Amino acid sequence: MHPALQGILTIAVGVFGCVGYFYLSNLVLDKVIFPARGPNIGRNLNRANLVRPWLFLLPAILALGLYLAYPVFETLRLSFIDRDAGGAFVGLENYGQMFSEPKFWEALRNNLFWLLIVPAASTAFGLVGAQLTDRIAWGNIAKSLIFMPMAISFVGAGVIWKLVYETRPVEIEQIGVLNAIYLALGGTEPQVWLTIPILNSFFLMMVLIWIQTGFAMVILSAALRGIPEETVEAAIIDGAGPFQIFFKIKVPQIMTTIVVVWTTITLVVLKVFDIVFAMTNGQWETQVLANYMFDKLFRANDWGVGSASAMIIMLLVTPILVWNVRNARREMR
Amino acid sequence: MADLKLSEVGKTYGASVEVLRHINLDISTGELIVFVGPSGCGKSTLLRMIAGLEKITSGTLEIDGITVNDVPPAQRGIAMVFQSYALYPHMTVYDNMAFALRIAGKTAREIDEAIHRAAKILQLEPFLDRLPKALSGGQRQRVAIGRSIVRDPKVYLFDEPLSNLDAALRVATRIEIAQLKESMPNSTMIYVTHDQVEAMTLASRIVVLADKGIAQVGTPLELYERPRSEFVGQFIGSPAMNLFPGEIVGTGERTEIRLAGRGIAVSDVPSNGSDMGLKVNVGVRPEDLAATDGDYLYEGQVNILEALGEVTLLYFVPEEGRDPVIAKLPGIHDGLRGKSVRLSADPAKVHVFHDSRSLLYRQ
Chain L
1 MHPALQGILT IAVGVFGCVG YFYLSNLVLD KVIFPARGPN IGRNLNRANL
51 VRPWLFLLPA ILALGLYLAY PVFETLRLSF IDRDAGGAFV GLENYGQMFS
101 EPKFWEALRN NLFWLLIVPA ASTAFGLVGA QLTDRIAWGN IAKSLIFMPM
151 AISFVGAGVI WKLVYETRPV EIEQIGVLNA IYLALGGTEP QVWLTIPILN
201 SFFLMMVLIW IQTGFAMVIL SAALRGIPEE TVEAAIIDGA GPFQIFFKIK
251 VPQIMTTIVV VWTTITLVVL KVFDIVFAMT NGQWETQVLA NYMFDKLFRA
301 NDWGVGSASA MIIMLLVTPI LVWNVRNARR EMR
Chain A
334 MADLKLSEVG KTYGASVEVL RHINLDISTG ELIVFVGPSG CGKSTLLRMI
384 AGLEKITSGT LEIDGITVND VPPAQRGIAM VFQSYALYPH MTVYDNMAFA
434 LRIAGKTARE IDEAIHRAAK ILQLEPFLDR LPKALSGGQR QRVAIGRSIV
484 RDPKVYLFDE PLSNLDAALR VATRIEIAQL KESMPNSTMI YVTHDQVEAM
534 TLASRIVVLA DKGIAQVGTP LELYERPRSE FVGQFIGSPA MNLFPGEIVG
584 TGERTEIRLA GRGIAVSDVP SNGSDMGLKV NVGVRPEDLA ATDGDYLYEG
634 QVNILEALGE VTLLYFVPEE GRDPVIAKLP GIHDGLRGKS VRLSADPAKV
684 HVFHDSRSLL YRQ
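Taken in sequence, the protein lines are chains L and A. Just so we're aligned: the first sequence equals residues 1 to 333 in the working numbering. Just so we're aligned: the second sequence equals residues 334 to 696 in the working numbering.
Fair warning: there could be bad hints in the mix.
[Claimed, not checked] DEER-style ranges, computed between Cβ atoms:
#1 A/E458 to L/I136: 41 to 51 angstroms
#2 A/V504 to L/Q244: 57 to 67 angstroms
#3 L/R135 to A/G363: 37 to 47 angstroms
#4 L/R135 to A/M517: 48 to 58 angstroms
#5 A/T345 to L/R135: 18 to 28 angstroms
#6 L/I136 to A/S340: 43 to 53 angstroms
#7 L/R330 to A/T345: 37 to 47 angstroms
#8 L/L163 to A/E351: 50 to 60 angstroms
[What the hints assert, rightly or not] Here chain A is said to cover these stretches of chain L; the calculated rule only asks that three of the stretch's residues, wherever they fall, bring their Cβ under 8 angstroms from a Cβ of chain A:
#9 112 to 125
#10 216 to 223
Simulated from the structure, these hints should not be mistaken for laboratory data. Computed from a predicted model, the values in this text were never measured in an experiment. Just so you know, even glycine gets a beta-carbon here, dropped at the ideal spot from N, CA and C.
Let the hints inform the model, and build the full structure from the sequences given.
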């Protein structure tokens, strides 16, 4: 069968399957198991309403259990055994081996840099973008342009930026924007940007900042619009200048939103994989934890160390996730 | 201490939307001026133009003899209290009041003294460390007022400060504002409201705005007793003034008008011989009408009767296309429902309008 047809068929089966499940299971519950008639009508209605939420949640619970909860425990188990030795329990040996590898520490260090820089830069640019685009006539066009990278996959973005950092021999015209600018500004040799340690990590971060700024801007722009105009006018009458109004009146009022945006981007950063994988694959000291895990699991086939590194990532993500969810809930109240 | 002078002030949005025009007004130190008018008449816009939040598109605004059209709000010596309080939600009451002073570069001691002085006047001392969200509506409004007081402005601007409060609190806060004004005899206040009770009770002078301009300026009782136009007559006072169409049949010291419904009205408003036969509207307030057995001004059948105990409101069966005549009689008259009643009025309280302008004010 043609792949496109297969795709359409899959979607149709999925959508109608879902609708069918909810409709039919509801019907069975109301008409067969606890029918709303007969001598026990009141009790039956109450019981049906008690069961209904679980009935509707069942598919999601099963799917999440299978694809999220089970893998967590399986990964935890894998991190304590040695597959090559027939699945023998080895305790913390895998972790020990991982901690002795310099590549792991490099990945951890790089992740820390990413963590410090990307959420901060994205949120800051997003905030500036939100404030500026709200004030100009063509703000909505600017906003769409800044938001557009959100629609590009990380791999796609990696490929686009690889072209920006592209290097050609000095005698050929440069197709990479960065080298073109560098030479135009008086550089002598075209640089192979992605191979320069430390600096190359920042070039990779640039890609994620480029993507996440749009997200931050859209959320923060909505928050900025929610600020009561009178508080700004009161500040004007109180004599505050534009910067004081922005930093002392506006930003504090949207602080909870800023924190939610910040932590959401932090979660993305902790899991960053595609960009590094597509652009450097962790070479030249650009390794990050997720890519390290992928390397170990699927290239070196070292399930023990791979799983151990996965556990480390989860350990780092969990507290931020909890905090984020809590903040988002408080925001909603 | 400040005199305000508005000369030919106007406001236009874009090229053609005119909101206000030809506003001329002198406000002297110590006055409490109230802007009233129907919604959309531009009263808040006028206040915001004085504050500097809206640009003045024509004319000049002077504060203490200095034209301030292009002076930024903070340097005009004004302070404003907003309808929604506009407190900074992330700052404590103390910081809310300190904000302007800190920007102005006052020392910590000066700020502290000013805040405690204001907090004492407004009974806010126990709440200085609280955030606005932990305060009641009335307390928030007092903080908003406190925020103005600490700046020691020349002119206080109030933009419908009581409309977010419930009825009981509104009365209490209104009295507080009146006392505050009492305690600061040298401060000038401009107050916008759509509530005529606030206007009547607080104002030293009321400015009635209508149709993009000023309909009348005067003390509350001037406006009540000698309205310049039908609009002012009907806008001030509740229920609104009744209007009866008629024709002048007698002139001189007193004017006699034969009304459409066969009644005769006599007014203390003088008229001259040439007015004979002039088509006029006679205005009588519901509270100035009294039941009579003799000569009557109006006769009609009571349609609806509202007995409030203190007074009884009679709504008469309306004539085709006109508002019903309303009479407010003191005491209880429960038996009048559905009956035919004749009404008369004291000539001193009968207003005469021609072309919707009062005959009292013509040259």
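Hint check:
1. In this structure the hint that A/E458 and L/I136 lie 41 to 51 angstroms apart at CB holds, the actual value being about 46 angstroms.
2. In this structure, A/V504 and L/Q244 break the distance hint of 57 to 67 angstroms, their C-beta atoms being roughly 38 angstroms apart.
3. Separated by about 41 angstroms at the C-beta atoms, L/R135 and A/G363 satisfy the suggested range of 37 to 47 angstroms.
4. The given range of 48 to 58 angstroms is broken by L/R135 and A/M517, whose C-beta atoms sit roughly 38 angstroms from each other.
5. Checked against the given bound of 18 to 28 angstroms, the beta carbons of A/T345 and L/R135, roughly 23 angstroms apart, stay inside it.
6. A C-beta distance of roughly 35 angstroms is found between L/I136 and A/S340, which places it outside the suggested range of 43 to 53 angstroms.
7. For the pair L/R330 and A/T345, the supplied restraint of 37 to 47 angstroms holds, since their beta-carbon distance comes to about 45 angstroms.
8. Checked against the hint of 50 to 60 angstroms, the pair L/L163 and A/E351 passes, with Cβ atoms roughly 57 angstroms apart.
9. Restraint check on the region 112 to 125 of chain L versus chain A: 0 residues with Cβ-Cβ distances below 8 angstroms, three needed, restraint violated.
10. Against chain A, the region 216 to 223 of chain L contributes 0 residues with a C-beta closer than 8 angstroms to a partner C-beta. That does not satisfy the three-residue criterion, and the hint is violated.
Violated hints for the displayed structure, listed by number in ascending order: 2, 4, 6, 9, 10.
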